[in-house]
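Turn these sequences into a full structure, and let the hints steer you where they fit.
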Amino acid sequence: MVLIFSSALLISGCVPDEEQSAAYKLYSAKCSSCHRLLPPEDYPLEKFGEYIEKYGKELTPEEKTRLLDGLRAYKKLKEEQK
Numbered sequence: 001m002v003l004i005f006s007s008a009l010l011i012s013g014c015v016p017d018e019e020q021s022a023a024y025k026l027y028s029a030k031c032s033s034c035h036r037l038l039p040p041e042d043y044p045l046e047k048f049g050e051y052i053e054k055y056g057k058e059l060t061p062e063e064k065t066r067l068l069d070g071l072r073a074y075k076k077l078k079e080e081q082k
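For the sequence shown, the residue numbers in UniProt numbering are 1 to 82.
One thing to keep in mind: the hints can contain errors.
[To be verified] Think about it this way: if two alpha-carbon atoms lie no more than 25 Å apart in a straight line, the pair counts; the simulated DMTMM-like pairs of lysine to aspartate or glutamate are:
{"id": "1", "residue 1": "Lys25", "residue 2": "Glu50"}
{"id": "2", "residue 1": "Lys78", "residue 2": "Glu53"}
{"id": "3", "residue 1": "Lys47", "residue 2": "Glu62"}
{"id": "4", "residue 1": "Lys25", "residue 2": "Asp69"}
{"id": "5", "residue 1": "Lys54", "residue 2": "Glu41"}
{"id": "6", "residue 1": "Lys30", "residue 2": "Glu58"}
{"id": "7", "residue 1": "Lys57", "residue 2": "Glu79"}
{"id": "8", "residue 1": "Lys78", "residue 2": "Glu63"}
{"id": "9", "residue 1": "Lys64", "residue 2": "Glu50"}
{"id": "10", "residue 1": "Lys25", "residue 2": "Glu46"}
{"id": "11", "residue 1": "Lys75", "residue 2": "Glu62"}
{"id": "12", "residue 1": "Lys54", "residue 2": "Asp69"}
{"id": "13", "residue 1": "Lys54", "residue 2": "Glu80"}
{"id": "14", "residue 1": "Lys78", "residue 2": "Glu58"}
{"id": "15", "residue 1": "Lys30", "residue 2": "Asp42"}
{"id": "16", "residue 1": "Lys76", "residue 2": "Glu50"}
{"id": "17", "residue 1": "Lys25", "residue 2": "Glu80"}
{"id": "18", "residue 1": "Lys54", "residue 2": "Asp42"}
{"id": "19", "residue 1": "Lys25", "residue 2": "Glu63"}
{"id": "20", "residue 1": "Lys82", "residue 2": "Asp69"}
{"id": "21", "residue 1": "Lys30", "residue 2": "Glu41"}
{"id": "22", "residue 1": "Lys47", "residue 2": "Glu79"}
{"id": "23", "residue 1": "Lys30", "residue 2": "Glu63"}
{"id": "24", "residue 1": "Lys47", "residue 2": "Glu63"}
{"id": "25", "residue 1": "Lys25", "residue 2": "Glu79"}
[Stated by the list, open to error] Pair by pair, the computed Cβ-Cβ distance ranges are:
{"id": "26", "residue 1": "Ser32", "residue 2": "Glu62", "range": "16 to 24 Å"}
{"id": "27", "residue 1": "Cys34", "residue 2": "Thr65", "range": "18 to 26 Å"}
{"id": "28", "residue 1": "Ser28", "residue 2": "Lys57", "range": "29 to 37 Å"}
{"id": "29", "residue 1": "Ser33", "residue 2": "Glu80", "range": "24 to 32 Å"}
{"id": "30", "residue 1": "Lys82", "residue 2": "Cys34", "range": "29 to 37 Å"}
{"id": "31", "residue 1": "Lys64", "residue 2": "Asp42", "range": "17 to 25 Å"}
{"id": "32", "residue 1": "Glu58", "residue 2": "Gln81", "range": "27 to 35 Å"}
{"id": "33", "residue 1": "Lys82", "residue 2": "Glu58", "range": "33 to 41 Å"}
{"id": "34", "residue 1": "Glu58", "residue 2": "Glu80", "range": "26 to 34 Å"}
{"id": "35", "residue 1": "Lys25", "residue 2": "Tyr51", "range": "12 to 20 Å"}
By construction, these hints were calculated from the structure, which means they are not laboratory data. This one's a predicted model, so the numbers in the text were calculated from it and none came from an experiment. Idealized CB from N, CA, C, for every residue including glycine.
Here it is, written out as structure tokens:
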């Protein structure tokens, strides 16, 4: 799942490579420190926004934005592949 998220970010072309890499690293490091990584395709983007606000108290506003942008790019790619 982690590899899929990372690859989708890189393939999507929605954000530059360095931003995609930063989004993946942030997702992996911050989110998996407390729980398994949730498959983005299984949840509406709004839910991730709620989760980030509720559980991401230690995240900066920039980190929150980076996470949501990365998840948005991943979900967009998955939708296009259907």
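Hint by hint, here is what the structure shows:
Restraint check for Lys25 and Glu50: the C-alpha separation of about 20 Å stays at or below 25 Å, so the hint holds. Between the alpha carbons of Lys78 and Glu53 the distance comes to roughly 24 Å, so the proposed pair stays at or under 25 Å and holds. With a CA separation close to 18 Å, the supplied pair Lys47 and Glu62 stays within the 25 Å bound. Distance restraint check for Lys25 and Asp69: the Cα-Cα separation of roughly 13 Å lies within the 25 Å cut-off, and the hinted pair is therefore satisfied.
Pair hint Lys54 plus Glu41 holds up; C-alpha atoms about 20 Å apart against a cutoff of 25 Å. Among the hinted pairs, Lys30 with Glu58 is consistent with the structure: their alpha-carbon atoms are about 9 Å apart, no more than 25 Å. About 30 Å separates the Cα atoms of Lys57 and Glu79, which puts this hinted pair outside 25 Å; it is violated. For the suggested pair Lys78 and Glu63, the alpha carbons sit about 23 Å apart, so the restraint of at most 25 Å is met.
The hinted pair formed by Lys64 and Glu50 meets the criterion: a straight-line CA distance of about 11 Å does not exceed 25 Å. Restraint check for Lys25 and Glu46: the C-alpha separation of about 21 Å stays at or below 25 Å, so the hint holds. For a cut-off of 25 Å, the pair hint linking Lys75 to Glu62 stands: about 20 Å separates their Cα positions. With a C-alpha separation of about 18 Å, the suggested pairing of Lys54 with Asp69 holds against the 25 Å cut-off.
Between Lys54 and Glu80 the CA atoms are separated by roughly 29 Å; this puts the pair beyond 25 Å, and the hint is violated. For the suggested pair Lys78 and Glu58, the alpha carbons sit about 29 Å apart, so the restraint of at most 25 Å is broken. Between Lys30 and Asp42 the alpha-carbon distance is near 19 Å, which keeps this suggested pair within the 25 Å criterion. At roughly 19 Å between alpha-carbon atoms, Lys76 and Glu50 fall within 25 Å of each other, so this suggested pair holds.
For the hint linking Lys25 to Glu80, the alpha-carbon distance of about 24 Å falls within 25 Å, and the restraint holds. For a cut-off of 25 Å, the pair hint linking Lys54 to Asp42 stands: about 19 Å separates their Cα positions. Between Lys25 and Glu63, the direct Cα distance comes to roughly 11 Å. Compliance with the 25 Å bound is thereby established for this hinted pair. Pair hint Lys82 plus Asp69 holds up; C-alpha atoms about 20 Å apart against a cutoff of 25 Å.
With a CA separation close to 19 Å, the supplied pair Lys30 and Glu41 stays within the 25 Å bound. Distance restraint check for Lys47 and Glu79: the Cα-Cα separation of roughly 17 Å lies within the 25 Å cut-off, and the hinted pair is therefore satisfied. Of the pairs offered as hints, the one joining Lys30 and Glu63 holds, with about 10 Å between alpha carbons and a cut-off of 25 Å not exceeded. Between Lys47 and Glu63, the direct Cα distance comes to roughly 17 Å. Compliance with the 25 Å bound is thereby established for this hinted pair.
Taken as a hint, the Lys25 and Glu79 pair is honoured in the structure, with Cα atoms around 23 Å apart against an allowance of 25 Å. Distance hint check for Ser32 and Glu62: the Cβ-Cβ separation is about 20 Å, which falls inside the suggested range of 16 to 24 Å. Distance hint check for Cys34 and Thr65: the Cβ-Cβ separation is about 20 Å, which falls inside the suggested range of 18 to 26 Å. Under the hint 29 to 37 Å, the C-beta atoms of Ser28 and Lys57, about 19 Å apart, miss the expected range.
Range check, Ser33 to Glu80: about 31 Å between beta-carbon atoms, so the 24 to 32 Å window is met. Separated by about 31 Å at the C-beta atoms, Lys82 and Cys34 satisfy the suggested range of 29 to 37 Å. Checked against the given bound of 17 to 25 Å, the beta carbons of Lys64 and Asp42, roughly 20 Å apart, stay inside it. For Glu58 paired with Gln81, a C-beta distance near 33 Å keeps the hint of 27 to 35 Å intact.
Roughly 35 Å separates the CB atoms of Lys82 and Glu58, a value that falls within the hinted 33 to 41 Å. At roughly 33 Å, the beta carbons of Glu58 and Glu80 sit within the given window of 26 to 34 Å. A beta carbon spacing of about 18 Å between Lys25 and Tyr51 agrees with the range 12 to 20 Å that was offered as a hint.
Of the numbered hints given earlier, the model fails hints 7, 13, 14 and 28; all others are met.
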